[in-house]
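> Listed below, chain by chain, are the residues.
2 protein chains.
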Amino acid sequence: MQVRRRFWDSVLEGPVAQEVLEGNDAKAEVLLAQALVEHENAPRAALYLIGAGPGHPDLLTVRAVQLLAQADVVLYDHLIPPDTLARYARKEALKLPVGKRAADHSRTQNEITDLIEQHLRANKIVARLKGGDPGIYAHAAEELKIAQQLDVPCQIVPGITAALGCAAMAGIPLTERNVASGVRFLTLYDATLHDENFWKSIALGTSDTLVLYMSTNRRAWLFEKLLSLGLRADLPVLLVEQGTTPLHTEYEATLGSFDTLYNGHIFITPALLIIGDVVRWRSRNGWKEPAAARRDWFQKEAHHARQ
Amino acid sequence: MQVRRRFWDSVLEGPVAQEVLEGNDAKAEVLLAQALVEHENAPRAALYLIGAGPGHPDLLTVRAVQLLAQADVVLYDHLIPPDTLARYARKEALKLPVGKRAADHSRTQNEITDLIEQHLRANKIVARLKGGDPGIYAHAAEELKIAQQLDVPCQIVPGITAALGCAAMAGIPLTERNVASGVRFLTLYDATLHDENFWKSIALGTSDTLVLYMSTNRRAWLFEKLLSLGLRADLPVLLVEQGTTPLHTEYEATLGSFDTLYNGHIFITPALLIIGDVVRWRSRNGWKEPAAARRDWFQKEAHHARQ
Numbered sequence: 001m002q003v004r005r006r007f008w009d010s011v012l013e014g015p016v017a018q019e020v021l022e023g024n025d026a027k028a029e030v031l032l033a034q035a036l037v038e039h040e041n042a043p044r045a046a047l048y049l050i051g052a053g054p055g056h057p058d059l060l061t062v063r064a065v066q067l068l069a070q071a072d073v074v075l076y077d078h079l080i081p082p083d084t085l086a087r088y089a090r091k092e093a094l095k096l097p098v099g100k101r102a103a104d105h106s107r108t109q110n111e112i113t114d115l116i117e118q119h120l121r122a123n124k125i126v127a128r129l130k131g132g133d134p135g136i137y138a139h140a141a142e143e144l145k146i147a148q149q150l151d152v153p154c155q156i157v158p159g160i161t162a163a164l165g166c167a168a169m170a171g172i173p174l175t176e177r178n179v180a181s182g183v184r185f186l187t188l189y190d191a192t193l194h195d196e197n198f199w200k201s202i203a204l205g206t207s208d209t210l211v212l213y214m215s216t217n218r219r220a221w222l223f224e225k226l227l228s229l230g231l232r233a234d235l236p237v238l239l240v241e242q243g244t245t246p247l248h249t250e251y252e253a254t255l256g257s258f259d260t261l262y263n264g265h266i267f268i269t270p271a272l273l274i275i276g277d278v279v280r281w282r283s284r285n286g287w288k289e290p291a292a293a294r295r296d297w298f299q300k301e302a303h304h305a306r307q
Numbered sequence: 001m002q003v004r005r006r007f008w009d010s011v012l013e014g015p016v017a018q019e020v021l022e023g024n025d026a027k028a029e030v031l032l033a034q035a036l037v038e039h040e041n042a043p044r045a046a047l048y049l050i051g052a053g054p055g056h057p058d059l060l061t062v063r064a065v066q067l068l069a070q071a072d073v074v075l076y077d078h079l080i081p082p083d084t085l086a087r088y089a090r091k092e093a094l095k096l097p098v099g100k101r102a103a104d105h106s107r108t109q110n111e112i113t114d115l116i117e118q119h120l121r122a123n124k125i126v127a128r129l130k131g132g133d134p135g136i137y138a139h140a141a142e143e144l145k146i147a148q149q150l151d152v153p154c155q156i157v158p159g160i161t162a163a164l165g166c167a168a169m170a171g172i173p174l175t176e177r178n179v180a181s182g183v184r185f186l187t188l189y190d191a192t193l194h195d196e197n198f199w200k201s202i203a204l205g206t207s208d209t210l211v212l213y214m215s216t217n218r219r220a221w222l223f224e225k226l227l228s229l230g231l232r233a234d235l236p237v238l239l240v241e242q243g244t245t246p247l248h249t250e251y252e253a254t255l256g257s258f259d260t261l262y263n264g265h266i267f268i269t270p271a272l273l274i275i276g277d278v279v280r281w282r283s284r285n286g287w288k289e290p291a292a293a294r295r296d297w298f299q300k301e302a303h304h305a306r307q
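As given, the protein sequences belong to chains A and B, one line each in that order. For the first sequence, the residue numbers in my numbering are 1 to 307. For the second sequence, the residue numbers in my numbering are 1 to 307.
The shape of chain A in the complex, shown without the other chains (with noise of 0.2 Å):
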């Protein structure tokens, strides 16, 4: 937009115009071609990491939407809802599904950077919208060395992470005053990276909410593992099964009747576990609305279930 305007403001009223009004057509027609030349090669580039939410296309934030609609590009995961680009994303914008799923990683990424690479390098701004917050298990680093490498500004525009959204619409606090004091993110996606400490650390720091990304498929290992730390077996336990869409579903149990209760069960991802006394409140607490409220925030949506 400043380019844009930055581009007419010196045709309009600088020296292209001050030409044409002495008369001087010829050298103004020199001045504005040398002007749209400036124009097209001017600085544009831009890569914005914009988090989309947790799903539901209402759950972006305003700055999010602002940016896609300036976006000549838009990289996004394959869990963006298509409603959120049909709605926000430029109709002229490039739009390109880089959906990373979990079996091949390393490739993929490999991919993504070279993409956002090849369309900073042509001068476009680039959207690259992430499921959730950009900075919770999202590889924002790697994608940011590309624009620093190539001198080109960027920016991470924050998104609700799932912890958030699916909390919220199970109408629980992550934290609360005399329940717990804190709340912890973490990931099972690479139990090797947690060695005997962190357990430790787990297991002494038990007023805290724990909110596992990624790590439903070792749930069984999990609360074992808890088990065995001395975690409480009447430990609420929520899943929460692709939070905040339309297919929004929610698991309650104990960390020592989960396995029992939905024993065989296989959860569609992204799924999310929170663990905690503060789970206790979504019986108390949960999300009530009129149906007829709820079915319309969820109307425009239905038609993209299980895509």
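If you are wondering where the hints come from, they were derived from the structure by calculation, not from laboratory data. Errors might be hidden in some of the hints.
Each computed DSS-like pair below joins lysine-lysine, with the alpha-carbon atoms no more than 25 Å apart [stated by the list, open to error]: (1) Lys124(A) with Lys95(A); (2) Lys145(B) with Lys124(B); (3) Lys200(A) with Lys225(A); (4) Lys145(B) with Lys95(B); (5) Lys225(B) with Lys200(B); (6) Lys124(B) with Lys95(B); (7) Lys200(B) with Lys200(A); (8) Lys225(B) with Lys200(A); (9) Lys200(B) with Lys225(A).
With the C-beta cut set under 7 Å, the calculated list includes, among others, these residues of chain B facing chain A [said to hold, decoys possible]: (10) Pro97; (11) Asp133; (12) Ser201; (13) Trp281.
Across the chosen pairs, the derived CB separations fall in these ranges [claimed, not checked]: (14) Gln18(B) with Asp234(A): 54 to 64 Å; (15) Leu229(B) with Asp190(A): 23 to 33 Å; (16) Asp83(B) with Thr260(A): 45 to 55 Å.
Heads up, the beta-carbon is just placed ideally off N, CA and C, and yes, glycines get one too.
Given the structure of chain A, go ahead and fit chain B onto it with the hints provided.
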């Protein structure tokens, strides 16, 4: 909206219209009067705990904007920028500051819950607009309880919590592979909450990024405690003052150097502490945007300085 629509549907397509069509004007008038009374008494009351984000008005979610546009009453924290209300709340809405400062917690929390109760009983849609996210250090449970006791629909609308907003603006991810496998939100607001097990837990989980809310006035004590627990003196520390507002300021040092470097400095609240190796990404990948664009983002807020 639903309620109003139903009212007009019933008037224009229901028994009232029927009686008018059939020439029974007197009967139509009686039915209309009845419909009006029913409409005025229709249950409309609802409570939305809405996260307003860390400071910048553009960091509200679209969902928050939608609900503010419906609210009859907006009860807002003292950290909500006036611009947020001017832009998003209805002109006719009753807007009440419920400024809660650290000094007199319990008294004003009771006053806030009383206000919520009073307006819900008066059949109003109440938006409780809170800085950050309503589930992180925000007394959500106490406020939701009122709606539950009155059997009124209620909902938490997540917001960008300060940790996500400040980190994004500083250009750092809160988790990063091989650097920080998780992140922990804490507060020293009431130091007695945390026993020695808690501190051992911090010492053992050193690969986690630590984010401390409402704790900057105890920073000297904290840094000493962390050093005594064996955390590295060269562990980076970032203090973000008035994060994401026009007065957003970052102070970077290490556990060992912070107090010497900023000796005697008085930090303006709200201020957030981020401790961990991810802070190094700030200097590598910090906010980087043309000055003009950055000024654009801030310019409308500049006159709200140091509210």
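> Each hint needs a verdict: does it hold in this structure or not?
Hint check:
| no. | hint | in the structure |
| --- | --- | --- |
| 1 | Lys124(A) with Lys95(A) | holds, 13 Å |
| 2 | Lys145(B) with Lys124(B) | holds, 17 Å |
| 3 | Lys200(A) with Lys225(A) | holds, 11 Å |
| 4 | Lys145(B) with Lys95(B) | holds, 22 Å |
| 5 | Lys225(B) with Lys200(B) | holds, 11 Å |
| 6 | Lys124(B) with Lys95(B) | holds, 13 Å |
| 7 | Lys200(B) with Lys200(A) | holds, 9 Å |
| 8 | Lys225(B) with Lys200(A) | holds, 19 Å |
| 9 | Lys200(B) with Lys225(A) | holds, 19 Å |
| 10 | Pro97 | violated, 22 Å |
| 11 | Asp133 | holds, 5 Å |
| 12 | Ser201 | holds, 3 Å |
| 13 | Trp281 | holds, 6 Å |
| 14 | Gln18(B) with Asp234(A): 54 to 64 Å | holds, 60 Å |
| 15 | Leu229(B) with Asp190(A): 23 to 33 Å | holds, 26 Å |
| 16 | Asp83(B) with Thr260(A): 45 to 55 Å | holds, 52 Å |
Violated hint: 10 only; the structure is consistent with all others.
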